Amino acid sequence: MIDLRAMKAALKQQSIHFFVDPQWVIPSIIAPFIFTTVTLFLFRHAGGDLLLYAVLGGGVLGMWGNTIHSSSWSIGYDRMNGTLEAIMVTPAPLSSVVFGRCLWNSFLGLLNALAVFLVAQFAFGIDVTVQNPVGFVVALAATLLSLSVLGMVFGAFYVVTRASSAFFQILEFPIYVLSGAVFPLMILPEWSRPFSYIIPATWGAEALKISTIPGYDSLGVGYFGALGLTILTTAAFLLISLFLFTYLEGRAKVNGTLVRY
Amino acid sequence: MLRDMLGVRASALVALRSQFAIVGPGLWLIQILSTALFQMWFFVLVSNFAGDPGAAPAYVALGNAVSSLTYSAVYGVTMSAGAEKHIGTMATIMSTPTRMFYVFLGKGAYQSLIGLFTVAVSLAFASLFFGVDLSGADPLALAAVLLATCFAMVGFGMVIGSVGVYLRSSMVLGSIVLYLGLLLCGVNFPISYLPEWLRPASYIFPLTYGVQAVRDVAAGAGPAEVSGLVWLMLGLGILFFALAYALFIYFERLALKRGSLDMF
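Protein chains in written order, with the numbering used here: chain Z, 1 to 261; chain U, 1 to 264.
Honestly, the hints are just simulated from the structure, not real lab data. Careful, some of the hints might be misleading.
Simulated restraints, written as ranges between beta carbons of each label pair [to be verified]:
#1 Z:GLY48 to U:ALA56: 16 to 22 Å
#2 U:SER192 to Z:GLY215: 30 to 36 Å
#3 Z:GLY48 to U:GLY54: 44 to 50 Å
#4 Z:ALA123 to U:LEU13: 46 to 52 Å
#5 U:ALA120 to Z:MET186: 38 to 44 Å
#6 Z:ASN255 to U:ALA124: 47 to 53 Å
#7 U:SER192 to Z:ASN81: 45 to 51 Å
#8 Z:HIS17 to U:PRO25: 46 to 52 Å
#9 Z:GLY47 to U:LEU128: 30 to 36 Å
Computed from a predicted structure; not experimentally measured. Note that CB positions come from ideal geometry on N, CA and C, so glycine has one too.
With the hints as constraints, model all of the structure from the sequences given.
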C-alpha cells in the first residue's frame, strides 16, 4: 500500500523543486490555460452557465495537464540523472514516491484554475458564485486525488520506458476530451461515453459542476452519486496502479534498463 | 558557403537518424496522430456546445488542422537549441567550423518535413471526421500556401530558438509559442473576437496568414487569389531567417562571453 511517510517526503521534495525554479510550471500549465481561455472566447456569446463550465473545466484541465506533464518529466529526469536506481533501492515503495509527486503536481495545476478565474473575472466580467461551497471543496479535493491516482497509473509505465515525453503528449488531450470537463458529456458520441465513465476525473468534474451551477445534473446521478463514483473509480485506479508498479518495477529490475537513457 | 550548406545537410541527416533513437516509429506516429486528433476534437466539441455561428465546428477544425504545423515548424525548431544544451552537446556543436545558425537550419529543414506530414494528416482528419469540405480546394494553391506557411513558421521558430542558445532552456518560451497561436491566430475564432489591444500581436505570427490562406483555398480561391498572402509569408519568412541569423551570432557571442553554453 501507500507509505505515507515516503509520500509526504516526495510531495515536499517536489514542492521544493517548484519553489527553487517556478518557471517550470509554465510548460505544464500553458496548454490547459490556453485551451480554457479559447473556450471562454467561444462561450462568451452564450454567456451565463457556459462561462462557468469553462472556469470549472479549466481547473480540471490544469490539474491533469500538470500531473501528466510533471510526473512524466520527473521520472524521466530521474532516469537521465541516474537517480531512478537510487530511489528504487530505498525501502520506500516507488509508487508512494510517485504518488507524492503526483499529488503536488495536481495541486499546482490549480494555478491554472486561478489564472482562468482571474481572466474570467477581469476580462469577461464573470461572477463565479458557488452555490454549495462545502460540496465544492470536497469535490475539488476528490478530483485532485483522482487525477493524482490517474497520473500514478501512467507513471508506472515511465519506469520501464525512456519515451515518457511521448506518452505525456499522447495522454494529455484525450482526458481533456473524454472527461467532459468544459462541456456536458452528452455531447460526446455515444460510443466514446463508456471510456468517459471509467475516468475518475469525469465524475469529479461532474460533482464540481453540480456544486456550482444551479440546476445542473447532466448525468442524473446527483452530487453524492458523482462524488461516490469519483471515489469508487479512484480506488479502482489506485489498485491498478499498485499492481502495475509491482509488476513493472520487477520487470525493470530484471531488464536492467533503469539508467538507460 | 559550400561548407555551410554541407553543415545544413549533415545536421538534417543527424536529425533524421536521431528521430527514432528514443521514441520508436510506431509510438511517434501515435503521438502525432493522437495529439492532432484530440486537440481538434476538443475544440470542435467546445464550438459545437457554444453554438457560435462565427466559429462553427468546421471552421475550428480547419484552423486546428493548419495550426498542427506549429508542433514541428515552431516548437520543434525552438526546442532544438534547448535539447542540445540539455544533453550537453552545445559546446561540441560550437567547436565545429559550421556556424550554429546552419546547424539549426538543418534541424529546421527536417522539422519542416515532419510539419508538412502532420498538417496533411490533420487536414485528412478535419475532412473525414469534422465536416471540413476540401472538395473545392485547388491542390496547387493549397500546396503553395502550406509550403509558404511552413517556411515562415520555421523562420519564426529559428528566431525564438536562437534565444535558447543563451537562456538555460528554450522549453518555457517554446511551450508558450506553441499554444499561443491557438488563441491569437484566428485558429478557433476570428481575430475580431480578441480585444483591440491584443490584435496587433496576431500579425506577428505567420500562422495567422497561413490559417487565413488555407480558409480562402478551402472556400475555392485559386493560386492567384492567395498569392498576396503567400508572398507576405515568404517575405516574413526571409525576414525571420535574417533576424535569426543575426540573433544566433549575437547569442552565440553572449553565451561564450558569459560561459552559459553548458548551463542547464
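So, going through the hints one by one against the coordinates:
no.	hint	result
1	Z:GLY48 to U:ALA56: 16 to 22 Å	21 Å, holds
2	U:SER192 to Z:GLY215: 30 to 36 Å	33 Å, holds
3	Z:GLY48 to U:GLY54: 44 to 50 Å	18 Å, violated
4	Z:ALA123 to U:LEU13: 46 to 52 Å	47 Å, holds
5	U:ALA120 to Z:MET186: 38 to 44 Å	33 Å, violated
6	Z:ASN255 to U:ALA124: 47 to 53 Å	38 Å, violated
7	U:SER192 to Z:ASN81: 45 to 51 Å	48 Å, holds
8	Z:HIS17 to U:PRO25: 46 to 52 Å	33 Å, violated
9	Z:GLY47 to U:LEU128: 30 to 36 Å	33 Å, holds
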